[in-house]
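So the protein lines, in turn, are chains R and A. According to the working numbering, the first sequence is numbered sequentially starting from 168. According to the working numbering, the second sequence is numbered sequentially starting from 168.
Among the hints, a few may not be true.
[As the list claims (entries may be wrong)] Here are the simulated EDC-like cross-link-like pairs (lysine to aspartate or glutamate), alpha carbons at most 20 Å apart as the crow flies: (1) R:K253 x A:E378; (2) R:K438 x A:E260; (3) R:K441 x A:E260; (4) A:K515 x A:D239; (5) A:K438 x R:E260; (6) R:K496 x R:D366; (7) A:K361 x A:E504.
[As the list claims (entries may be wrong)] Taking beta-carbon pairs under 10 Å as the criterion, some of the chain A residues facing chain R (in silico): (8) Y457; (9) I477; (10) T483.
Don't read these hints as lab results, they were simulated from the structure. In this text, all values refer to a predicted model and were calculated from it rather than measured experimentally. Cβ atoms here follow ideal geometry from the backbone N, Cα and C, with glycine treated the same way.
2 protein chains.
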Amino acid sequence: MADAGTRMGLQLRSTVKKEGIVELSLARVPTPEPKAEEVVVRIDASPINPSDQGLLFGGADMSTAKAAGTADDPVVIASIPPAVLKALGGRLEQSLPVGNEAAGVVVQAGSSPAAQALMGKTVAILGGAMYAQYRCIKAVQCLVLPPGTTPAEGADCFVNPLTALGMVETMRAEGHKALVHTAAASNLGQMLNKICIKDRVGLVNIVRNPEQVDLLKKLGATSVCNSSSPTFMDDLIAAHTASGATVAFDAIGGGRLAGQILTAMEIAANKTAKEYSRYGSTTHKQVYIYGGLDRGPTEFNRAFGMAWGIGGWLLTAFLQKIGFDAAQKLRERVAAEIKTTFASTYTKEVSLAEALRLEEIAVYGKQATGQKYLINPNKGLR
Amino acid sequence: MADAGTRMGLQLRSTVKKEGIVELSLARVPTPEPKAEEVVVRIDASPINPSDQGLLFGGADMSTAKAAGTADDPVVIASIPPAVLKALGGRLEQSLPVGNEAAGVVVQAGSSPAAQALMGKTVAILGGAMYAQYRCIKAVQCLVLPPGTTPAEGADCFVNPLTALGMVETMRAEGHKALVHTAAASNLGQMLNKICIKDRVGLVNIVRNPEQVDLLKKLGATSVCNSSSPTFMDDLIAAHTASGATVAFDAIGGGRLAGQILTAMEIAANKTAKEYSRYGSTTHKQVYIYGGLDRGPTEFNRAFGMAWGIGGWLLTAFLQKIGFDAAQKLRERVAAEIKTTFASTYTKEVSLAEALRLEEIAVYGKQATGQKYLINPNKGLR
Numbered sequence: 168m169a170d171a172g173t174r175m176g177l178q179l180r181s182t183v184k185k186e187g188i189v190e191l192s193l194a195r196v197p198t199p200e201p202k203a204e205e206v207v208v209r210i211d212a213s214p215i216n217p218s219d220q221g222l223l224f225g226g227a228d229m230s231t232a233k234a235a236g237t238a239d240d241p242v243v244i245a246s247i248p249p250a251v252l253k254a255l256g257g258r259l260e261q262s263l264p265v266g267n268e269a270a271g272v273v274v275q276a277g278s279s280p281a282a283q284a285l286m287g288k289t290v291a292i293l294g295g296a297m298y299a300q301y302r303c304i305k306a307v308q309c310l311v312l313p314p315g316t317t318p319a320e321g322a323d324c325f326v327n328p329l330t331a332l333g334m335v336e337t338m339r340a341e342g343h344k345a346l347v348h349t350a351a352a353s354n355l356g357q358m359l360n361k362i363c364i365k366d367r368v369g370l371v372n373i374v375r376n377p378e379q380v381d382l383l384k385k386l387g388a389t390s391v392c393n394s395s396s397p398t399f400m401d402d403l404i405a406a407h408t409a410s411g412a413t414v415a416f417d418a419i420g421g422g423r424l425a426g427q428i429l430t431a432m433e434i435a436a437n438k439t440a441k442e443y444s445r446y447g448s449t450t451h452k453q454v455y456i457y458g459g460l461d462r463g464p465t466e467f468n469r470a471f472g473m474a475w476g477i478g479g480w481l482l483t484a485f486l487q488k489i490g491f492d493a494a495q496k497l498r499e500r501v502a503a504e505i506k507t508t509f510a511s512t513y514t515k516e517v518s519l520a521e522a523l524r525l526e527e528i529a530v531y532g533k534q535a536t537g538q539k540y541l542i543n544p545n546k547g548l549r
Numbered sequence: 168m169a170d171a172g173t174r175m176g177l178q179l180r181s182t183v184k185k186e187g188i189v190e191l192s193l194a195r196v197p198t199p200e201p202k203a204e205e206v207v208v209r210i211d212a213s214p215i216n217p218s219d220q221g222l223l224f225g226g227a228d229m230s231t232a233k234a235a236g237t238a239d240d241p242v243v244i245a246s247i248p249p250a251v252l253k254a255l256g257g258r259l260e261q262s263l264p265v266g267n268e269a270a271g272v273v274v275q276a277g278s279s280p281a282a283q284a285l286m287g288k289t290v291a292i293l294g295g296a297m298y299a300q301y302r303c304i305k306a307v308q309c310l311v312l313p314p315g316t317t318p319a320e321g322a323d324c325f326v327n328p329l330t331a332l333g334m335v336e337t338m339r340a341e342g343h344k345a346l347v348h349t350a351a352a353s354n355l356g357q358m359l360n361k362i363c364i365k366d367r368v369g370l371v372n373i374v375r376n377p378e379q380v381d382l383l384k385k386l387g388a389t390s391v392c393n394s395s396s397p398t399f400m401d402d403l404i405a406a407h408t409a410s411g412a413t414v415a416f417d418a419i420g421g422g423r424l425a426g427q428i429l430t431a432m433e434i435a436a437n438k439t440a441k442e443y444s445r446y447g448s449t450t451h452k453q454v455y456i457y458g459g460l461d462r463g464p465t466e467f468n469r470a471f472g473m474a475w476g477i478g479g480w481l482l483t484a485f486l487q488k489i490g491f492d493a494a495q496k497l498r499e500r501v502a503a504e505i506k507t508t509f510a511s512t513y514t515k516e517v518s519l520a521e522a523l524r525l526e527e528i529a530v531y532g533k534q535a536t537g538q539k540y541l542i543n544p545n546k547g548l549r
């Protein structure tokens, strides 16, 4: 039990129940006393990324969502399709905290010099359970933001920036000279576009409508293909031929786009082939699926020779692979460029209780471009 | 033009015409005079592998095949679906020789000692244009068969044996401890089964009917799953759990099998997981597609976390990757075990002209288990 001196705080929880529903609610939990090497961060800003929504909604059909509880103590319940529920055995009946990353101010510190040095500093942190008023975390995991940076500005220091940088690093490490990105008008896509312009890396942006083409062109993108255009395949072949891109990072996942990208890469590669090879070009063509905006099945017809791969790409696996020092360099670049290359824009700032209103879920749950939410867990509570 | 001393020979040719048909015929061609380092092999046996049929039929719908010409000088014509024709731009209007591998007797040799040493020897060769009475080839490319080996016994020294060995080598090189194989009752599958028993490597065989289960069990296979069984997914999960297989080689290509294999691997991997991970197991799960027995699209629902890959696997690319010395060791193992581990069985031996009979194409074109043909290009001509 919490003693009188314990700091209590609200924490957003998601529970998948065995009868096939997800229940979202706010728990009032004691904040742990920081150990010597730990600090307590008051969370002032935490983005709702697509990567958070998988854990948050548990794959439920949010069009079935119903509200219960009160305005201050809301509860949301929604149905999970049986096929999805089957894959959730590992989390059944567990009340799980949510939120990958956040920024806030260090309000309590353990006895170690490293922890004490962070008192009062604005820091960005990664590690789950961020949709909460307070988060106890190791000092070494805190990225100190440059003076003058607000928590809202530093809230998305990890997931999108490191993913975008990780794509460029993966491209280089695997010997490709340019890359392709889908859902390219997203916050992440805009960051990647800025990185590629700054670092002079060839980037083919794939978006889904003409407005997103305009948006990226205004941001300086040279190559943008619209997948809803009747000339999409021809545009893609021309873009791959011009850029020499042979690796793609795909946020969509479902449908035929991954296969279309590989097919266009193969046609581009064969333009320089001297004689017919029945097994296609020897150029390795790769699509990494890192998201699932389209939850439907992936389908492709293998019209791209034998030198190809499709696979999953996960930020945490990438960071483990490159090791702490290389990852730290990427983190430091993010902190240094947090107001420029890695600046995020948000549609709306909501409290924890507001994040569980059905009308807000209906908006941010769409994961639409330009509809990104920021949770301020201490909004209205300080 | 050929002078009086030139050896003439029949050669099977395949031409894709721009109007969307494939034409198969026999050409009478002069055999090149061997250069110092070359020999001429009289081809006595060459298998019709699935990998030959892609080049031979050019993706045509062979149910539309019509015969023309005469019994000795046959011509076969068949229609190519428009979608397939689109991918064949590189071979339009070219009369291409066919046949990946063969065995026969060296009947003429260039002046070098290496070439001269092969005179009269029975050798196995790889390199295309093998559906022909004679093939001029570099002496270094000839694999001398052990004394007492017939050309029919040595005809399939490369494609199936090296592919089967390549799968086991790939499994080891990429850190997996056991492997999965589909269409496992094929000639290739039976070889792989023998290799794995001999080398004590775990192998999960996937076949399509109960007769094939029996066939493999009689050959000593310990793990055989029947994809037409209602308990297939449960059987596969149990087989993956028992074997720890995390890499599969798939000859089918189309349909949902690749995704089912990854899903079963993921469920098996999660059986040992200690806590729920929303991104699935961290065990990398891989399916290599090396054939296309089902030409339809590949479809999967990504219910296997983020640590997965699907990609093409091609023997020639594998051999290039491991280098000449490592490849030579594999070739020598094949020659040494050609009558045991790497023994092939054939349904029928046909001449070049017989290979172009519609009733024979109807049989070997099915690529059914136990319906494998051997071409003897000199049958009836010596």
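Worksheet item: For which of the previously enumerated hints does the structure constitute a violation, in increasing order of number?
Response: 1
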